[in-house]
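Engineer: Chains Y and R are the protein sequences, given in the same order.
Its first residue numbered 1, the first sequence is counted upward by one per residue in the numbering used here.
Its first residue numbered 1001, the second sequence is counted upward by one per residue in the numbering used here.
Please note that a few of the clues may not be correct.
What the hints assert, rightly or not - Cross-link-like lysine-lysine pairs, in silico, DSS-like; alpha carbons within 27 Å at most: (1) R:K1308 x Y:K135; (2) R:K1132 x Y:K135; (3) Y:K135 x R:K1131.
Claimed, not checked - So the derived label-pair ranges between C-beta atoms look like this: (4) R:T1136 x Y:M411: 47 to 55 Å; (5) R:K1282 x Y:N468: 38 to 46 Å; (6) Y:N468 x R:G1239: 35 to 43 Å; (7) Y:L139 x R:E1237: 34 to 42 Å; (8) R:V1065 x Y:M411: 57 to 65 Å.
Don't read these hints as lab results, they were simulated from the structure.
Each residue gets a CB set at the ideal place from its N, CA and C atoms; glycine is no exception.
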Amino acid sequence: MYMDLISALPSVLSFDNFFAIVIGVLSGIAVGAMPGLSATMAISVLVPFTFGLDPLVALGLMAGIYNGAMYGGAIPAVLLRIPGTPAAVATSFDGYPMAQSGRGGFALQVAVVSSAIGGIASALALMLLAPPLAKVTLLFGPAEVFWIAVFGLCSIIFLLGESPIKGLISACFGIFVSMVGADPITSEDRFTFGQLELLDGINMVILLVGLYAMPPVIDLLEQPLDTKEAGKALKTESLLRSFPRMFHFWKTWLRSSLIGIWIGILPGAGGSMAAFMSYNEARRASSNPDEWGKGEPEGVAASETANNADTASALIPALTLGIPGTAVAAVMLGGLLVHGLQPGPMLFRDNPDIVFGFMWQFLFGAILLIFLGGSLATNSFAHLLKLPRPVLGAIIIVLMFIGVYSINGRMFDVYLMLGFGLIGYVMDKFKFPLPPVVLGLILGGFAEENLRLTLLIGQGQWSSLFANTTSLVLVAMTIAVVVGPMIKRRVVKARKSES
Amino acid sequence: MFNYKKKAALMSALLFASGAALADYPEKPITLIVGFSAGGGTDVMARNVAPFVEKYLGNDASIVVKNMPGASGQIGITEVAHSDPDGYTLGTYNLPGMMARTLDREAKYSADSFTFLANIVSDPNVIVTSKKTGITSVKELIDAAQKAPGSITVGMSSLGGDDHLGLTKFQSLTDTKFTIIPFKGSSAARTAILGGHVAAGVLNVSEVAAFKDELNVIGVAKATRSEFAPNVKTFKEQGVEFYNGALRGFVAPAGLPADVELKLLEAFSKAASDPEMLAKMKATANPVEASIGLDFKNLNNELYDLAKQAWETTPWK
């Protein structure tokens, strides 16, 4: 297998194929940076055009876009508090406060370096460990996946914010949104009001754009015209000089890479969950957790490493088993199919040049991110901030419309997005936290579907939820993550009262 | 009498109009509505077949694919049903899905809404079992299911699809009862079978071709063996007359001008046997079994009756 890996390298380095990666990364960054346009969308628009292309050129474009977009999403998340892609929500927690205090340039540099590191780690995992990791995926049946969802929901309790009640209301709203559409088991219509457009459920991007982009845009438009202070918000220095200041993130880079890879190989969860979980873990491990959310660069590093670390790893189950770990991987499978590449164990035997070439492309895409994302893209997007605020707001609104319309090519989704925008604006004003809504939507549906599948398989026996070791381990981890912080607080309190 | 005259006049006017159309059709791009997103199985079929239909239509015909995904193809096919029957809107059509939706959901179309052009792909069902079960033949499966009815879990892509209707048929043919586990899509079902989380599954032959060594493929629901899995016995060879599968083809709105219909049928029929197209379809795991025009319509009605029977005896929602 490692011989195949090496023999696939020369064709990847041919001019056409390498150029495709460069173009892919650049357009990926641009797509990710525009609120409403996501990697999923860009690749699905691309797929029909790749019919006439050489497979490696097409796949190089896709690998580049995927890597680029995962970083690109961080740019507006840091500069405007508008995550460009779902996976960049956690990046805005600390990135935006950093930009507010004039450290936006550094925040973006941390983001690009972390993204590249996550991407490289993920590509290496795909190249070296794909077959054994695919076996791990097989251990996860519906019961285990249900527990993953529960673990995910519990481990991010901190997202509830200062007022847990408001946070829980937000989470419940997200879970409610996840129930719209055809019932996952019986296909019964739920909350669709006879609208065919709602049958597939509410697309994550529609909710995200409405909820996250609308309130800041309205903020932009509400503020009086002032172009002086916006221009100097971004101070950039050479990456060579700022890089040494990032070395102490190495633990976070390592931890977040592993979390990202792990979430990537599990079907369904995807980049946003990877980013949230790794943000939480990094914060727990930090010596000054109180600084988090106020502009801690390590928070940006954690989120960005993880959301890039799930890119290539999401392709492990996709290539070996035909189950995509993320929505983007699902679209990429389509792109492979177009070229007659059937996912499955045979793929590695029948088309090693293309499969291993594709893996190399992921690696190069991640490395190129530093050069292309670091100076070029970041600086050009920084200029955006010099635009008068009403103009910037208007541009973003146009992009939001285009992005949401192009998901399925229908206006219905745009109206839906505007409705969520209104809800988001009201929630923002009344200080309801927004991240729980996103997680409720992702994990709520995930938990419901798998719980019901488990019970169907187990003929209605609740014990089937605890029937094997993997489930039990996950249950124990869930308990630990909920009870752990409570015990810790007790112990700290007890020590304080002793002394 | 007056009415008759009026009708006759109308008919001749129509014939005249369509006579003009014959010479020129197609004189502008034809839109092909695909009810699924780009890169899906139906989309890949559409984009592989379209260039060959263009070729045989002549006249510099051009077919533009328009993806209208949503509601398992229902949004796209509804759009096709309500388009002008002028030959400039065609659509992809899936069976039994499109017909099953008229039973289990409120649908704004029926079999009469379409001109049936050509079915291109026929992907037969296969029944697979997890290696852990040790079940390797149809007989062993039937024996195990009869010994403890409902004890064998069978994964599939969804309720009301070809695999569900197929299993319903298989159950009544063999007097067995299985526990149906509808996953979201066949790859999720396949993975659960690979991992042994469900015992068996109903899939399509194109979906298991790459997993022959990892799963027990116990039978293919086709009259003859499939070229995608030549070593797998048919159900018929094993004593059960079980035939079923997923069909993918092309329709136009009902009421096409007769000569436009003729021209399209001819083009699809030639495209369906073009060796270059057949090679492309094989490479993208699309088993071709073409039926053109009336044959396709009869096939549709046959499958509708089957779905209706299943829906009436064992409604799934």
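Engineer: Within a Cα-Cα threshold of 27 Å, do Y:K135 and R:K1131 meet the stated pairing?
Structural biologist: 14 Å, holds
Engineer: Would you check the hint for R:K1308 and Y:K135, treating anything up to 27 Å between C-alpha atoms as holding?
Structural biologist: The hint is violated at about 41 Å.
Engineer: Within a Cα-Cα threshold of 27 Å, do R:K1132 and Y:K135 meet the stated pairing?
Structural biologist: 15 Å, holds
Engineer: Could you tell me whether the CB distance from R:K1282 to Y:N468 stays inside 38 to 46 Å?
Structural biologist: 40 Å, holds
Engineer: R:V1065 and Y:M411, beta-carbon distance inside 57 to 65 Å?
Structural biologist: 21 Å, violated
Engineer: Return holds or violated for the Cβ distance of R:T1136 and Y:M411 against the range 47 to 55 Å.
Structural biologist: 53 Å, holds
Engineer: Against the range 34 to 42 Å, how does the distance between the Cβ atoms of Y:L139 and R:E1237 compare: consistent or not?
Structural biologist: The hinted range 34 to 42 Å holds for Y:L139 and R:E1237, with Cβ atoms some 35 Å apart.
Engineer: Kindly confirm whether 35 to 43 Å is satisfied by the beta carbon distance between Y:N468 and R:G1239.
Structural biologist: For Y:N468 and R:G1239 the Cβ distance comes to about 37 Å; the hint holds.
In this structure, the earlier hints numbered 1 and 8 are contradicted, and the remaining ones agree with it.
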